[in-house]
Amino acid sequence: MSALLKVENVTKTFGGVVANRSVSLEVHKGDIAGLIGPNGSGKTTLFNSIVGAHPIDSGSVRFEGKEISRLIVPTIARRGLIRTFQQTRIYAEMNCVENMRISAPDARGSVLSLLSGFSNQVDIRAEELLDFVGLASKRFLRAGSLSFGQQKLLEFAMALMSEPKLLLLDEPTAGVNPTLINGLIDRLVRANKELGVTLLVIEHNMRVIMNLAEHITCLAHGEVLAQGSPQEVRDNPSVVEAYLGVSA
Amino acid sequence: MTKAQKYSLIGGGLFLSLVAPFLLPQLATQLTMLWLMVVFALTWDTLGGQMGYNSFGNILFFGIGAYACAVLQRDLGLDYFIGLAVGLAFAGVLSSLVAIILGFGMLGLRGHYFAIGTLGLGIAAGEIAGGWDYVGAGSGMVPPLYPTALAGRELFFYFLMFALALATFFILRALYATKFGLALNAIRDDEDKAEAMGLQTTQVKSFAWAVSALFLGIGGGLAGNLLGFIDPRDVAFAGATFGVWMVLMAILGGKGTVWGPVIGAVVFHITQELFWTYLLGWQRVALGLLIVAIVVFFPNGILGTLREQRPEWFGEKVEERA
Ligand SMILES: Nc1ncnc2c1ncn2[C@@H]1O[C@H](COP(=O)(O)OP(=O)(O)OP(=O)(O)O)[C@@H](O)[C@H]1O
Ligand SMILES: [Mg+2]
Numbered sequence: 001m002s003a004l005l006k007v008e009n010v011t012k013t014f015g016g017v018v019a020n021r022s023v024s025l026e027v028h029k030g031d032i033a034g035l036i037g038p039n040g041s042g043k044t045t046l047f048n049s050i051v052g053a054h055p056i057d058s059g060s061v062r063f064e065g066k067e068i069s070r071l072i073v074p075t076i077a078r079r080g081l082i083r084t085f086q087q088t089r090i091y092a093e094m095n096c097v098e099n100m101r102i103s104a105p106d107a108r109g110s111v112l113s114l115l116s117g118f119s120n121q122v123d124i125r126a127e128e129l130l131d132f133v134g135l136a137s138k139r140f141l142r143a144g145s146l147s148f149g150q151q152k153l154l155e156f157a158m159a160l161m162s163e164p165k166l167l168l169l170d171e172p173t174a175g176v177n178p179t180l181i182n183g184l185i186d187r188l189v190r191a192n193k194e195l196g197v198t199l200l201v202i203e204h205n206m207r208v209i210m211n212l213a214e215h216i217t218c219l220a221h222g223e224v225l226a227q228g229s230p231q232e233v234r235d236n237p238s239v240v241e242a243y244l245g246v247s248a
Numbered sequence: 001m002t003k004a005q006k007y008s009l010i011g012g013g014l015f016l017s018l019v020a021p022f023l024l025p026q027l028a029t030q031l032t033m034l035w036l037m038v039v040f041a042l043t044w045d046t047l048g049g050q051m052g053y054n055s056f057g058n059i060l061f062f063g064i065g066a067y068a069c070a071v072l073q074r075d076l077g078l079d080y081f082i083g084l085a086v087g088l089a090f091a092g093v094l095s096s097l098v099a100i101i102l103g104f105g106m107l108g109l110r111g112h113y114f115a116i117g118t119l120g121l122g123i124a125a126g127e128i129a130g131g132w133d134y135v136g137a138g139s140g141m142v143p144p145l146y147p148t149a150l151a152g153r154e155l156f157f158y159f160l161m162f163a164l165a166l167a168t169f170f171i172l173r174a175l176y177a178t179k180f181g182l183a184l185n186a187i188r189d190d191e192d193k194a195e196a197m198g199l200q201t202t203q204v205k206s207f208a209w210a211v212s213a214l215f216l217g218i219g220g221g222l223a224g225n226l227l228g229f230i231d232p233r234d235v236a237f238a239g240a241t242f243g244v245w246m247v248l249m250a251i252l253g254g255k256g257t258v259w260g261p262v263i264g265a266v267v268f269h270i271t272q273e274l275f276w277t278y279l280l281g282w283q284r285v286a287l288g289l290l291i292v293a294i295v296v297f298f299p300n301g302i303l304g305t306l307r308e309q310r311p312e313w314f315g316e317k318v319e320e321r322a
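Those protein sequences? They're chains A and B, same order as listed.
Residue 91 in my numbering is what sits at position 91 of the first sequence, and the numbering runs on without skipping anything.
Residue 141 in my numbering is what sits at position 141 of the second sequence, and the numbering runs on without skipping anything.
Treat the hints as calculated values from the structure; they're not laboratory data.
All values reported here derive from a predicted model rather than from experimental measurement.
Glycine included, each C-beta is placed from N, C-alpha and C at the ideal position.
Mixed in with the good hints, there may be bad ones.
[What the hints assert, rightly or not] Residues on chain A that point at chain B, a partial pick, calculated with CB under 8 Å:
| hint | residue |
| --- | --- |
| 1 | Y91 |
| 2 | R108 |
| 3 | V111 |
Kindly generate the complete structure, drawing on both the sequences and the hints.
Listed below in structure tokens is the structure:
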């Protein structure tokens with residue numbers, strides 16, 4: 001089966017800092033893939049390279065078999081490749097329902113197609129997904145007034161609202177109340193199984209990613225250190241060393 | 001405020017607007033200017049309030065409209081009223097086109113860069129118009145005169161400007177209720193997020209500027225005819241007065257709302273006229289102090305401040321709805 005996302009030998013430098021060095025990875029349709037690595041190992045940079053947030057120095061990014069490494073962010077997003085942000089980004093002055101409405105696929109059309117109201121289906125879907133992430137009771141609150149964890153959940157719901165083929169999640173559990181993390185993981189899995197969204201997840205929490213992902217890539221100092229099943233990656237001596245070397 | 005109270009307030013305002021030029025014929029021109037101020041504030045708010053792009057160059061579209069209308073009226077040799085109608089339509093369309101063309105370049109600038117970039121627009125246009133013989137250069141243009149045989153010139157322009165203000169208000173309000181309106185707000189709140197979600201931000205931004213320029217251009221055409229004289233720097237591209245007032249009125253009333261700019265324009269215009277009447281010689285100082293006071297005491301505008309004090313008037317439920 002050909003890969004939904006195929007990253008090949010992507011290199012990205014900032015001045016003298018090599019944030020990604022010849023990184024390759026594949027994500028297959030229906031997968032939940034994990035991306036791990038110590039702080040500063042280049043995970044977010046790789047996301048930015050994939051979604052077109054900055055030009056890459058060399059290498060290739062293919063989505064559904066087509067080269068996307070020279071396209072701009074909104075064009076890539078409209079093809080169904082959506083990312084969430086590590087620092088969390090929502091529309092702070094709008095309420096949760098409005099955040100959801102403007103994330104629907106029909107909000108991505110040409111400006112002339114935007115000159116009409118919202119369909120009932122969009123509103124129904126928005127309610128369902130807010131309910132799905134447990135924010136139904138907050139739906140008329142300003143998104144900026146939500147806690148950081150709730151904003152993360154809202155951002156996740158917005159991403160689902162946009163009906164992506166591939167969703168890149170940058171540390172979805174960071175800042176989320178620990179009592180809610182299991183529920184969130186459960187929702188990630190359900191989004192994958194029930195909504196058919198392929199996921200590539202950056203995650204710091206080893207316990208979380210080992211349970212969630214079927215396939216893991218570990219970065220260190222911008223390079224791929226290990227790739228394989230959770231078991232293989234966890235047992236890889238250099239992964240152990242990279243993690244202990246940094247955080248112990 | 002109940003619905004009934006709100007509608008009686010609006011109805012009262014409408015009634016006053018209809019009878020004012022008959023009751024106060026000596027103030028007809030100032031009253032007409034009041035509606036121009038409303039158009040100024042509303043159109044500025046499309047970018048400044050709804051989309052979060054502070055433009056200091058919107059006066060450009062007003063000036064282009066004033067000249068475009070007058071030039072067509074002068075050169076087409078049509079009947080006065082037909083010439084005026086054609087001129088106004090052309091003024092709006094040309095201003096919109098300029099906004100679209102400028103937009104693709106300038107709306108790529110973010111935050112302060114956009115604000116500073118637009119500052120130059122009005123100034124440059126004033127210089128160009130002031131040196132261009134085709135539009136009268138430094139001595140400006142005089143649009144064709146309203147037929148002397150006909151009475152009611154003041155009333156004619158009053159009701160035209162009033163109609164323009166109403167159209168601007170209702171069309172913008174309808175636009176803000178669409179997906180387009182929400183896209184403007186999304187760009188205001190986080191443009192990078194909007195791009196990451198696939199919104200066609202470039203198109204949305206240019207269209208917003210074009211809509212705002214359309215009404216400003218028509219307003220310019222009307223104002224040129226109303227005032228009877230188009231000076232390049234003091235009327236058409238009057239950045240230091242009209243250009244600044246647009247911003248102030250929207251902020252004073254409350255950015256990012258439809259009623260805010262209307263209220264801001266009315267309050268500002270009346271205050272300003274009072275300054276001219278009672279503080280002659282000091283009116284500019286008073287205006288300067290008023291501007292400082294607005295920014296210091298009403299950073300969220302009259303509506304924003306009211307909303308904080310009396311959220312129930314705005315039908316806002318502070319507590320969560322289940
Ligand atoms: N825009 C930028 N300009 C300069 N350097 C950058 C930029 N973005 C990232 N870097 C550098 O690239 C390296 C990788 O950063 P990146 O944010 O990708 O790491 P990360 O794996 O996401 O880390 P974390 O787990 O802390 O989120 C770091 O050394 C960082 O300082
Ligand atoms: Mg990161």
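Okay, the hints, checked on the actual structure:
| no. | hint | result |
| --- | --- | --- |
| 1 | Y91 | 4 Å, holds |
| 2 | R108 | 4 Å, holds |
| 3 | V111 | 4 Å, holds |
Of the numbered hints stated above, none is contradicted by the structure.
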